Amino acid sequence: MDQLFYASEVFINGLMTGVMYSLVALGFVLIFKASGVFNYAQGVMALFAALTLVGIMEGQVPFSHLINATFGTHLSNFSWTVGPVVAILLTAGVMVLLAIVIEKLVLQHLVGQEPIILFMATIGLAYFLEGLGDVMWGADIKTLDVGLPQGISDTIEQATANWFGYGFFIDRLDIWATIIAALLVAALVAFSQYTKQGRAMRAVADDHQAALSVGISLQFIWIMVWSIAGFVALVAGIMWGTKSGVQFSLSLIALKALPVLMLGGFTSIPGAIVGGLIIGVGEKLFEFFVGPMVGGATENWFAYVLALIFLVFRPQGLFGERIIERV
Amino acid sequence: MFYREAGNFKTSYRDDGQTFPIKLDRMGYYVILGVAAMVVPFVINDYWASAVLLPFLIYAIAAIGLNILTGYAGQVSLGTGGFMAVGAYSVYKLMTAFPDLSILIHVLLAGGITAMVGIAFGLPSLRIKGFYLAVATLAAQFFLVWLFNKVPWFYNYSASGQITAPERTVLGWAVTGPAASPAAKYLVCLAFVIFAAWVARNLTRGMIGRKWMAIRDMDIAAEIIGVNPLTAKLSAFGVSSFFVGIAGALLFAVYLGAAEVGEAFGINKSFLVLFMVIIGGLGSIFGSFAGAAFLVLLPVFLKNVLVGVLGWPTDLAAHIELMIVGALIIFFLIVEPHGLARLWQLVKEKLRLWPFPH
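Protein chains in written order, with the numbering used here: chain A, 1 to 327; chain B, 1 to 358.
Treat the hints with care, as some may be off.
To be verified - EDC-like cross-link-like pairs, simulated, lysine to aspartate or glutamate; straight-line CA separation at most 16 Å:
#1 B/K129 x A/E325
#2 B/K150 x A/E299
#3 B/K150 x B/E260
#4 B/K150 x A/E287
#5 B/K129 x B/E260
#6 B/K129 x A/E58
#7 B/K150 x B/E223
Read the hints as simulated data drawn from the structure, not as lab findings. Note that this is a predicted model, so its numbers are computed, not measured.
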């Protein structure tokens, strides 16, 4: 009986982790649908957003290390700190700027190239952003606190202890992340279904040429999509940053989002959510049941192998568009 | 003026099909081979061997391997680091299990073992294509690294979890272990590079290479005209992994001497080799060399400039280096998506007509 309770606790925590994976995967899907670019830099964008947020909140001087090394000064912080809400808005602004710069300097010059070349370009972008984030804000591990509740939820532990005689440990941050992710997805769906820009975005996703011919500006749509992806990255960065500190390993969540994408299909928003949940639950349960037998740390690869097995049976993922090949 | 085919008469099919049809090219190639084999070993020192030449030679083998898979057969792989780890760990197990056999045989056998692992992980490529395959190869990367980390048999139950290369000799010269001289290490790597480039060149211009390229250009069409995708894709995975395995084995046994799997063969290694192939030029043996040289030399150069000349702290220099590498990759992709090999071809085209372009 206890084993069952443990397992269901693992299951619920897996669901919560899955939501976090979905948040990152969502950014991938948005960009892939609209511009056909598989944006490897999504994880680094989350890191960059989180770094910028911390930097703005604490009033750090950007590029202080570089300035100090070049001019021999000792700059580190401005004399002010910024509240979370203002800082988040400012960071969102930075992400929009970043989207514009990426569109102007990179994507515009690569129109019509093969997908693999675009993919490589985003890996280059990931390296660049990683270096830029470190140079701008320093490479030390930072803590991020925007006022989200953290720690084990006492209410749930009490309630479940009364009902089942076994208290479930669930992180309050995970619950909040789930709620925020749900809101974000709802907002995105509403945006793409009911607004003019959203319709234009779907049109571009359907067919670039046709969208151009009815007067939709591709450039504007791409900037918009990258901005939205930057915003999603910011949300993911806040969640992961609050959970485990803002550091380089944050960018590795992109690697965790890849199997989620494969499972759900590259083109489907619901797929990103369901895929995230399956991967989150799957890897936690596998680690719980099989991990102890084989030495643990199976989370590193389980997601990929699971996605691989899924793909062999359904090459386009669970919700992906059917791949039709013509000769 | 100097560089043209005038006077080179092709009187047989053999002449027509040779790798360097222009006499000057051929001479240059022999000169480079001669210098590499007979001059460099006498002037090489420890710094040049460990900072530039050994990594260049070893990564050139890995890049040739990945180029066969990605550039010729069109199957994108992000599992190179994992396959290099297979080469490294199999050469380690072979070296410790059969100490009397020559290290050269061990390295070749390690390549063979890696080829089999590569074929096993290549099986999904028959069903999964494009990006989905690229991500699927990450499964190989993470699973293999985890495996070598968690199963003590692979590192002979050593307490640190590291593998350390014991001393082995070729013709009486130590090539692995702390006593090995830079020249001996260099010559062993050079021999394998020449072997790899020779095999790769001759495979890719023959029937099997044409099959790979047909699969790359359009696999369904290739299948219709009679290319068996099963054998073509799996042979590409096999040959590619063979070279990558050799590179991994040399990287561990000759260059590093001791290795820890997550650090030496992580995902970054996969990306590094992939960048070499992209920057050098997809589908070109010369490109593999050019890409390897570029990405080995660039960090050395940047480090010397940033730390040595400008006097910046090393951590800051490392971050700037990341930025520059990233920006250069984007720059290259925008300016010349076909890589350094294509640039070299353009230069040769210009040289052929120079100084009378009309």
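Check your understanding: Of the hints stated earlier, which fail here?
Key -> 5, 6 and 7
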